[in-house]
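Starting from the known structure of chain A, fit chain B onto it as the hints suggest.
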Amino acid sequence: MIPDNLREYAVALAVDAFDGEAITGGKHEFGEWTLEVAPSKIVSVCGFLKYDQKFVRLSTVTAVDRYPAEPRFELVYHLYSIEGNQWLRLKCRTHATDPVIESVTSVWRSANWYEREVFDLFGIRFVNHPDLRRIMMPEGWEGYPLRKDYPVTGSRV
Amino acid sequence: MSGSAVPGQFMATLEETEAQSGPRRMVLNMGPQHPSTHGVLRLLIELDGEIITKCDPDIGYLHTGIEKEFEVKNYQQSVTLTDRVDYLAPLSNNLGYVLAVEKLLELEIPPQAQWMRVMLTELTRLNSHLVWLGTHALDIGAMSVFLYCFREREEILRIFEMFSGQRMMTSYFRIGGLALEPPRGWQQRVKKFIDVFPSRVDEYEELLTNNRIWIGRTRGVGLIPLEDMLDLGVTGPMLRAAGLKVDARKDRPYSSYDKFDFVVPTRTENDVYARYQVRIEEMRQSTRIIQQAMEGMPSGPWKAADQHVVLPDREKMKTQMEALIYHFKIVTEGFRVPAGEVYQVIESPRGELGYYVVSDGTARPLRVHMRTPSFGNLQAVPKMVAGVLIADVIASIGSMDFVLGDTDR
Chain A
1104 MIPDNLREYA VALAVDAFDG EAITGGKHEF GEWTLEVAPS KIVSVCGFLK YDQKFVRLST
1164 VTAVDRYPAE PRFELVYHLY SIEGNQWLRL KCRTHATDPV IESVTSVWRS ANWYEREVFD
1224 LFGIRFVNHP DLRRIMMPEG WEGYPLRKDY PVTGSRV
Chain B
621 MSGSAVPGQF MATLEETEAQ SGPRRMVLNM GPQHPSTHGV LRLLIELDGE IITKCDPDIG
681 YLHTGIEKEF EVKNYQQSVT LTDRVDYLAP LSNNLGYVLA VEKLLELEIP PQAQWMRVML
741 TELTRLNSHL VWLGTHALDI GAMSVFLYCF REREEILRIF EMFSGQRMMT SYFRIGGLAL
801 EPPRGWQQRV KKFIDVFPSR VDEYEELLTN NRIWIGRTRG VGLIPLEDML DLGVTGPMLR
861 AAGLKVDARK DRPYSSYDKF DFVVPTRTEN DVYARYQVRI EEMRQSTRII QQAMEGMPSG
921 PWKAADQHVV LPDREKMKTQ MEALIYHFKI VTEGFRVPAG EVYQVIESPR GELGYYVVSD
981 GTARPLRVHM RTPSFGNLQA VPKMVAGVLI ADVIASIGSM DFVLGDTDR
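Chains A and B are the protein sequences, given in the same order. Taking this note's numbering, the leading residue of the first sequence gets 1104, the next gets one more, and so forth. Taking this note's numbering, the leading residue of the second sequence gets 621, the next gets one more, and so forth.
In isolation and in its complexed conformation, chain B is listed as follows:
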């Protein structure tokens, strides 16, 4: 391990490390372009043989200044920014943001829009968990699971496309309701998916749950005490796999979640395998919620009645002068939101997603801050991997299910 053979800054770090702690220690630079980090995350790992002694995550490669961008767009335009934060759960981000602004506006959202939001955010949860399961299994070496997961994910994306015209960056939830009227025939499409999906989850389980290699790679791996997780800002399935029953959908229900019957799954083992079990069970519970939303979908309007905020129907614009004026005003100037501040927390597939919106009474927000689950979760990586084998790093960070767009914003 001679530092002079390979020139460059990185080797200088290695030499420094050797000078400090003897020749056994070495620094490994994992990322920023590493297939297992699912985005651009760089981990600086200090090794003693195969044991990790220190880990320092380096983030910010995907920082796009979205929070700054909010301040120059009007409230409705900003919905499109929220999609791009967590690109695997765009509708969850739409929901958090529109709920926050609606709270400031004190808007009443009609039941159909609320139920539709629940149904689609749960489909988003399935979408996100499927990508997680597929890539996580791929990282650990179970290649075929990926193909199975993406088969179902494709159908979810087609449903999104049917609703919004977009597969990923849907922006389907708007302040005041939905962007478009739900398309004709959506019930059959969703029903077809929901009918077959539980058996597909069984298929994934057949591939993994009793698979000896899978168990060997995940049982007892990625342990981190619950107290440390709470102190380090970890939320979501990670906490539930450690036995803590926290879920914003149950604790502080939003968008009519209190009208749905579902269970918040928990495990106590607190390892990678337990997180896998929690997410599998969450998929089954989400299916139940979608089923209930679909069967009990209320009829009636799908957007709020406030003409200052919600765009008028096309038909009204052709017949009523006033509707045309409101349309012009909303499109050109946006709408004013009363001064105040709210913090709206929802349960995204990754954990606690908070939108802090501050209004100064104008048509553009003074400040929007996103408390993203990936940012909080990632902070626990150094604690989680300290003292474990380098081979377990991939399984451990995979079980956190972070998205780097969500981390860096």
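The shape of chain A in the complex, shown without the other chains:
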């Protein structure tokens, strides 16, 4: 069942019809739709959105560190449908201890580098990713720079 505030959004209704347990929340702010998706359903929902709802482009994958809130990490996906000229934001939450989520590279190949970047800077692991290694930081770097508990200044110990 989807929350009442999403009932006027056709894409949300379609996703709900596809999988009744996929959507856990959402909102409409500044003219932008956000759907919160259950982390276990992310790949199937993305596949549905790409092939059925024509969101052919994955614009970006990123994360937000909500430390000290729990679940700590919020994964954010921005999708664009060229045909419908509309944007959609998907969100998933993961926990602080061993943050992990399934990779969407099987749906969009562009997720490859986007997810590598999130892995590199946030330390979130992507299951079934074909090439999960650091991309911005040097190999062997310790720590994940974009986490809130990573200092901005200071020398490496």
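In short, the hints are calculated from the structure, not lab data. Take the hints with a grain of salt, since some may be wrong.
Per the computed footprint, the stretches of chain B lying under chain A, defined by three or more beta-carbons under 8 Å from a beta-carbon of chain A, are [to be verified]: (1) 881-890; (2) 961-969.
Simulated pairs of lysine to aspartate or glutamate, EDC-like, Cα-Cα distance not exceeding 16 Å [stated by the list, open to error]: (3) 674(B) - 1234(A); (4) 1157(A) - 847(B); (5) 870(B) - 1186(A); (6) 693(B) - 953(B); (7) 1251(A) - 980(B); (8) 1153(A) - 1186(A); (9) 1251(A) - 689(B); (10) 1153(A) - 847(B); (11) 865(B) - 889(B).
Predicted model, so just to flag it, every value in this text is computed and none were measured. C-beta: ideal position from N, C-alpha, C; glycine also.
What follows is chain B alone, placed relative to chain A:
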């Protein structure tokens, strides 16, 4: 090709490759300091004779942690960071960021500031395309084009300097409007440039468009199917050269772009030459936009009226106590932005530039993520160069027009 003659890690890779696929294959390390990669990009290329069998781009050499830096600066201070992301299109990055924050603040921007922003971002597009054309032609061997392009680019940089006091890192767009009042006499300066620029584009075309060597090096080179480009995150002129009419300025107009009359050029050949044609036509269209912006420039204020966000005029600060207080508050603490998140997409010279700004209600952003066009475009390099001649790599990657600062952030 004996591995023992040259010691080192790289040769070990070569030996491994030989062990795997026989002595014909070799690994070529291109970059990170290579003149044709325009920045520090390293390409690991596996060759079979002169044919590329595999390519693995290695990026991150210019990673400066700009996204982390946003979290410790207040909103207005961060404008200066956006210049340094894509140093060939600083004003496009300024624009994407300020539009995102203004959306969160629900600020109304006066028409003059909006039109000025359009005019200057289009000048930025010309600036960026000129650098691209000059260096791309230089890579392929047409040296003189570079000198012609930089002649016009110099004039654009002088116009930027006139407006902002800076040639490259302008930071001229601020949250709420512009940094400074437009300088006296800018119309004449821009008009002089715009009057002569179309004939200069003709000059570049005379040098290249029917040049047999240029055509030989670019026609049918750098092909990649449209479906692959969409799937790999490619945007901008690359897609338009494959016949897909996507342009954020038309699809989801921002900053009054809907009030301007221009055409989004497309080609269908999808090769390096088509990308060249698209960008040349974009330069002509940008000139049209600048012309319209200049002639129809609305009068009135050049910054928003919100005193909590926009710094007061100097004159008011000397006469009104309240203005002085607001000035002090904004400079020392910054301003609070209501909690929420926005994703603002604009059309940078390279493609889709997205700013994802998350606010938690304080004076500093919780998170700013930049979706940069170069990062997405570069991901298509392995697909694009697989199976082609090594000599075409330079032309192919040149046609993508990436900036490594934009890729690595």
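> Checking against the hints above, which ones are violated?
Replying inline: 1
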